[in-house]
Amino acid sequence: MATEALKKRAEEALSKRSAYGIDLDVSEYMPKHANLNSRHLEILEDELSSSIESVGLNVDEKNTLGSYIQIDQTAVYSQSRRRGLTILNLKEALKRLDFLRNFYWRLIPVDLDKFTALAALYEESGYVIVVEKGFKSDKPTQACLLIRSPRSLQTPHNIIIAEEETNLHVITGCTTAPESFGLHVGISEFYIGRNATVTFTMIHSWSKASHVRPRTAVLVEDGGRFISNYVVLKPATSIQMYPSIRLIGENASAISTSVILGSGNASIDVGSSVSLESEGSNCRILSRVVGGGSSETVARSRITAVIDNVRGHTECNGIIVSDNASITAIPELEAKAKNIELTHEAAIGKISEEEIFYLQTRGFTREEAVSLIIGGFLESGLSELPANVEKYLKSAIQWALTSL
Amino acid sequence: MILEVKDLNVEISGKLVLKDVSLSIGFGETVFLLGPNGSGKTSFIQSILGNPAYKVLKGSIISQGFEITTLKPEDRAKIGIAASFQIPPKIKGLKAGRLLEEVSKRFNVHRSYMENLISILKLEEFMNRELYVGFSGGEAKRFEILLALLQKPKLLLLDEPDSGVDVENLAVIGKTLDEFLHEDDDLLSTRKSILIVTHTGALAKYINPSRAYIMLNGEIVCYGKGEDVIKRVFKDGFEKCKSCYEKFRGG
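First to last, the protein sequences are chains A and B.
Residue numbers for the first sequence follow our numbering, beginning at 1 and rising by one.
Residue numbers for the second sequence follow our numbering, beginning at 1001 and rising by one.
These are calculated hints, taken from the structure and not from any lab test.
Even glycine gets a Cβ: it sits at the ideal position worked out from N, Cα and C.
Please note that a few of the clues may not be correct.
In silico DSSO-like links for lysine-lysine, alpha-carbon gap of 27 Å or less [as the list claims (entries may be wrong)]: (1) Lys-394/A - Lys-1015/B; (2) Lys-391/A - Lys-1015/B; (3) Lys-32/A - Lys-1090/B; (4) Lys-350/A - Lys-1015/B; (5) Lys-1090/B - Lys-394/A; (6) Lys-350/A - Lys-1072/B; (7) Lys-350/A - Lys-1095/B; (8) Lys-1072/B - Lys-391/A.
If we take Cβ atoms under 7 Å as the criterion, some of the chain A residues that face chain B in the derived model are [stated by the list, open to error]: (9) Glu-355; (10) Phe-364; (11) Ser-380.
I would like the entire structure built from these sequences, with the hints used as guidance.
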């Protein structure tokens, strides 16, 4: 796994605070292991189904090209159902794929903060997905990361490589078993080749006592596209992530959307940062935030244009539904060339009484009217999803709203 | 009576907008409420619907024998009162098609009934659009009528259904409403009633009102047989009504 040199750097960063989000005492969490392994997902069904279906994964694998399942620190299942698509757990992948070392800890520094350090030091598993040149996905590939033991430290390291002229859709569901909680630090490195498209949908459904610190970085080459939908319907106590996307190839593009339903006393600090580094590259960063309970949400975005003929737009929309909730939008635009177009808009407000009354006259109670409005608002943030994923997310949003 | 309004006084933001308004609609009746812009017609509709921004100071609203003056808007919908709004709010993100599904479910409307209405009102292409975002005036009017009809109302309140609508679409709306009125008219108590609020009277070509009321400055100043009132108003204008009323009141 991590080399001695990497480990040494990680150790030195173990007390380095993250630049964003609330700080945590990480010593409370320890890696735990599941005594499970199977070549057939059905066998794991009883163990998992209620948890993983809550984040939209299907156990029968009918609508997927392959799956990866991890419980606590243990990779319990990884299987591709198509030639040209490789799905392996990290340990296995590092043994079998010679080239993988070139992509391993390349985009994210191990000493970025205490969380990356922790992930490097306790690294055991995570998924590696490689799609070979020309491979086209007609269905998504799914991954589920479940925290099952209390005080579990889960540190998956995921690497996704989409070679030239491919497309891939990955759905990752992260969740906790009932009554459990932990610290989840997921490292994800994406390499998107020429004219490849990767759609990445991440659905988070956490127990209230958990803490979540994903660290994600993406590199996109000529004509490549990265579309990310991050959906949080049940927030953990704290979530902080700020993926960094570099568009290094001509006409590379990225769309990054966060759909957040804040509730309880969650502290949520999310967004994306995109760097436009080649001519014709363009991006959109969107967020749709509903502030409920006494949740505090910070929606960040940063677009940096370093070369002429690039475009970027960021948009943050928020609805506050509780007097005790807060939403902060922090859009940042940085221009280092003159022939560029960077724009942002942000709007935060409460639900319009006129809209609520209107729906009441159509026979809905006040609460139902609020759900319809918020549901539509959150759904409108989702970008370019396959029909079945979109359908699932919409019903998940409706379901989540019933418990708001 | 499907609707009986007695001495209604209503204010909005401290301003009196309806003064001692009394108006009634029988089962199976079509009634016009005429008046120039700003005369209080929309305030009247909103008050019947229970808009909390419109404060009832005095008077009562009765439907089917029940006092509904303080009933919640959704409960008024349940007892069969539905409206098409003059200017409905845009609800960003909420798909028009989804709202139709939800309303149909709520009022046990058969899918074929909904699909038939969608096709008659020529609204097939709007299902994936966000509610009223980018709709033209006429499109919004037709969609409002569709939603109101899906509530299977006993009393349909139409707020300026004819303004900003071209002749062709006016005929579509007129025909749809006429069909609605005659859906099941064998029993008196199941007959549908309509109140049409308008300042143009253009729909009178398609639907014959039994009675018409005239509203000026928040007051009912005149009423009578539909045909007669409409003929007089659109010959002499609302100004004439005003002087006539002042003379009547003065005398």
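Consistency of the hints with the structure:
| no. | hint | verdict |
| --- | --- | --- |
| 1 | Lys-394/A - Lys-1015/B | violated (43 Å) |
| 2 | Lys-391/A - Lys-1015/B | violated (47 Å) |
| 3 | Lys-32/A - Lys-1090/B | violated (51 Å) |
| 4 | Lys-350/A - Lys-1015/B | holds (26 Å) |
| 5 | Lys-1090/B - Lys-394/A | holds (20 Å) |
| 6 | Lys-350/A - Lys-1072/B | holds (22 Å) |
| 7 | Lys-350/A - Lys-1095/B | holds (20 Å) |
| 8 | Lys-1072/B - Lys-391/A | violated (33 Å) |
| 9 | Glu-355 | holds (5 Å) |
| 10 | Phe-364 | holds (6 Å) |
| 11 | Ser-380 | holds (4 Å) |
Hint compliance for this structure: hints 1, 2, 3 and 8 are not met, and every other hint is.
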